Amino acid sequence: MFKHILIATDGSDNANRAIEKAVEMVEPYKEHVSMDLVYCIDGDTSKKDILKYGDAELADIKRRKMFANKLSYLEDQGIKTENVFLHGEPAKTILTQLDSKPYDCVVVGSRGMNEFQTLILGSVSHKLAKYVKIPLLIVK
Amino acid sequence: MNVTSLKQQWFGNVRGDVLAGIVVALALIPEAIAFSIIAGVDPMVGLYASFCIAVVIAFVGGRPGMISAATGAMALLMITLVADYGLEYLLAATILTGILQIVFGVLKLSRFMKFVPRSVMVGFVNALAILIFTAQIQHFVGETWIMYALVGLTLAIIYLFPLVTKAVPSTLVAIIIVTAIVVIMNVGVRNVGDMGALTQSLPVFALPNIPINLETLMIIFPYSLALAIVGILESLLTANIVDDMTDTESNKNKETRGQGIANIVSGFFGGMAGCAMIGQSVINVKSGGSGRLSALVAGAFLMFLILVLGNIVVQIPMAALAGVMIMVSISTFDWSSIKNLNRIPKSDASVMVVTVATVVITHNLAYGVLAGVVLSMFFFASKMSKVTVYTRYDEENDKRYYRVRGQLFFASVTDLLNSVDSNEKVTEVEIDLTKSHLWDDSAVGALNKIEAKFNRNNVKVTFKGLTADSARLLNNIGGLSNGSGH
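Protein sequence lines correspond, in order, to chains A and B.
Residues in the first sequence are numbered consecutively from 1, following this note's numbering.
Residues in the second sequence are numbered consecutively from 1, following this note's numbering.
It is worth saying that the hints were derived from the structure and are not from the lab.
Hints may be right or wrong, so weigh each one.
[What the hints assert, rightly or not] Derived lysine-lysine pairs resembling DSBU-like cross-links, with alpha carbons at most 30 Å apart:
no., chain 1, residue 1, chain 2, residue 2
1, B, Lys108, A, Lys48
2, A, Lys62, B, Lys346
3, B, Lys166, A, Lys140
4, B, Lys166, A, Lys65
5, B, Lys166, A, Lys92
6, A, Lys92, A, Lys70
7, A, Lys92, A, Lys80
8, B, Lys339, A, Lys92
9, A, Lys62, B, Lys339
10, B, Lys254, B, Lys108
11, A, Lys140, A, Lys65
12, A, Lys48, B, Lys339
13, B, Lys453, A, Lys65
14, A, Lys52, B, Lys346
15, B, Lys435, B, Lys383
16, A, Lys52, B, Lys108
17, A, Lys62, A, Lys80
18, B, Lys286, A, Lys127
19, A, Lys62, A, Lys52
20, A, Lys30, A, Lys52
21, B, Lys386, B, Lys460
22, B, Lys386, A, Lys62
23, A, Lys30, A, Lys127
24, B, Lys383, A, Lys52
25, B, Lys254, A, Lys62
26, B, Lys254, A, Lys52
27, A, Lys52, B, Lys286
28, A, Lys92, A, Lys140
Quantities reported herein were computed from a predicted structural model and do not represent experimental measurements.
Between the sequences and the hints, there should be enough to build the whole structure, so can you do that?
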């Protein structure tokens, strides 16, 4: 069924569950599947990470490290995978990314790390559900 | 730089830059006024500064898409200068700040930024937030409940309006609504007009009206040095954040020089010193700005608004500005640092806390940074100076083995000397330095001393596993007589 999957992740446990569920979903034919792990860097993430790590280069290395485990997990499963970093507001940049490649499915965790933000700004998954034109799996 | 990339930096994103520039200009006005009030000068000083700096940096900056203007960090450093000597000295200090920053830029000192540890930077940002917040408290003194209500209303609008739309900065909406309420209902609260004059005219070139002599220099130099350092620190931090947000690179030395030029221009046109602003730059990029044009539009549109709407601006109640400043301080504060305080190493946490405490006590961000840097250096030296010595005695050959682990330098040799019992009567001693490194004269001296002491008792000493660098140092300084076999 789905072969080119975009997984939106923020590195949270919820997002990790979404990755596992996506793998379960494609289990029977997983060697034909590619999954892109997409992480969005918005203004607040930049500010937080630069204060934490000092400069953009190191922040990039640390972010790649954050997903290294998941990438090798996917590769061990025989799934082609790639780490994509997008800069800007999550929902918006994910929608742009969807246009750049022939994805046929989007997977996202239902809740990110910050509940207060969800309350104020609405969740990313909610926005994606509204605007994405291909099947979307929201993992609860 | 070639013409195409310059053209790209200016006109690569015209629509986004113009719109974002307008948004930033609207958000800059209340901050420029409020920062002037923190510094103790007329609102025009901050507005002129924001205009001059934003426009000049558009041409000479090294980080397109970053917004520079009058800032809280700089305003906080000026308070005592303005209070003791007045505006003219501030203008002179601003010009000198610019000169110092150009010197820093030419000498490529931005690479020394990495000597400022991250925990100091976090402390710097948090202290800045605390100072901006405490600077608002004076506006509440002797005020009625109306003041509190208006500030509360301002904050409510600022945080809730984005639910409706994010196209217009919510701070501006809050200011317009609160000002309208005060004007229409004729509430008698203090407003911007009470804090100083606001003239609807363009800034003009003028030399600061001060005696040019050594005494003046002695007065302004400490302020200028602090301003120059803090300005560069915040500008380069912001440049890194914008680099990361936009996934592009920037020229840090050019930016440092650019900040200098912008401050010189600002000083000559009656503005106070400024630097890059994290909050505004984030707003700019979020609103679609990425090129040099965005800073130019922000500065020019800000001036245009002041020229046209100056008589409305004076009616903005202080309550609204205090509300905006409280929001600025909340968003400036690095809240994740509090959450991580018990997770990061204790030394880092205490550096952060000391930086914040120093700033809050001295009201000077430069002192805080200095205290933080010095303290981290001490922690580093003490961490580095941990030397562990393992020892083993071989009865068969009457031989004592020492294995040294750690860096050997002036601060750590005492540990080594204390752990080696050089009076022990054995036949032979072997000191293994494979897991160690010699750094200086003191290290070589310590090894010599150990060898000499053992030799006095006719104990043979051999050193094992010296790294190439250590061996070279040993030879150069005129090291061990015979024992440095491998």
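Would you check the hint for Lys52/A and Lys108/B, treating anything up to 30 Å between C-alpha atoms as holding? holds, 24 Å
Hey, Lys62/A versus Lys52/A, does the alpha-carbon distance stay inside 30 Å? holds, 10 Å
When you check the alpha-carbon spacing of Lys166/B and Lys65/A, does it fall within 30 Å? violated, 33 Å
Regarding the pair Lys92/A and Lys70/A, is the alpha-carbon distance no greater than 30 Å? holds, 24 Å
Take the C-alpha atoms of Lys383/B and Lys52/A, compute the straight-line distance between them, and say whether it is at most 30 Å. With a Cα-Cα distance of about 21 Å, the restraint between Lys383/B and Lys52/A holds, given a limit of 30 Å.
Is Lys286/B within 30 Å of Lys127/A, Cα to Cα? holds, 18 Å
For the pair we were handed, Lys48/A and Lys339/B, check the Cα-Cα distance against 30 Å. holds, 12 Å
Quick one, are Lys166/B and Lys92/A close enough, alpha carbons at most 30 Å? At roughly 14 Å apart (the allowed maximum being 30 Å), Lys92/A and Lys166/B satisfy the hint.
Is Lys254/B within 30 Å of Lys52/A, Cα to Cα? Answer holds: Lys254/B to Lys52/A is near 25 Å, not above 30 Å.
Would you mind confirming whether the straight-line C-alpha gap from Lys254/B to Lys62/A stays at or under 30 Å? Distance ~27 Å between Lys254/B and Lys62/A Cα, so the pair holds.
Are the Cα positions of Lys108/B and Lys48/A separated by 30 Å at most? holds, 26 Å
Taking 30 Å as the top limit, are the C-alpha atoms of Lys92/A and Lys80/A close enough? Holds, at about 25 Å.
The structure fails to meet hints 4, 13, 20 from the earlier list, while all remaining hints are met.
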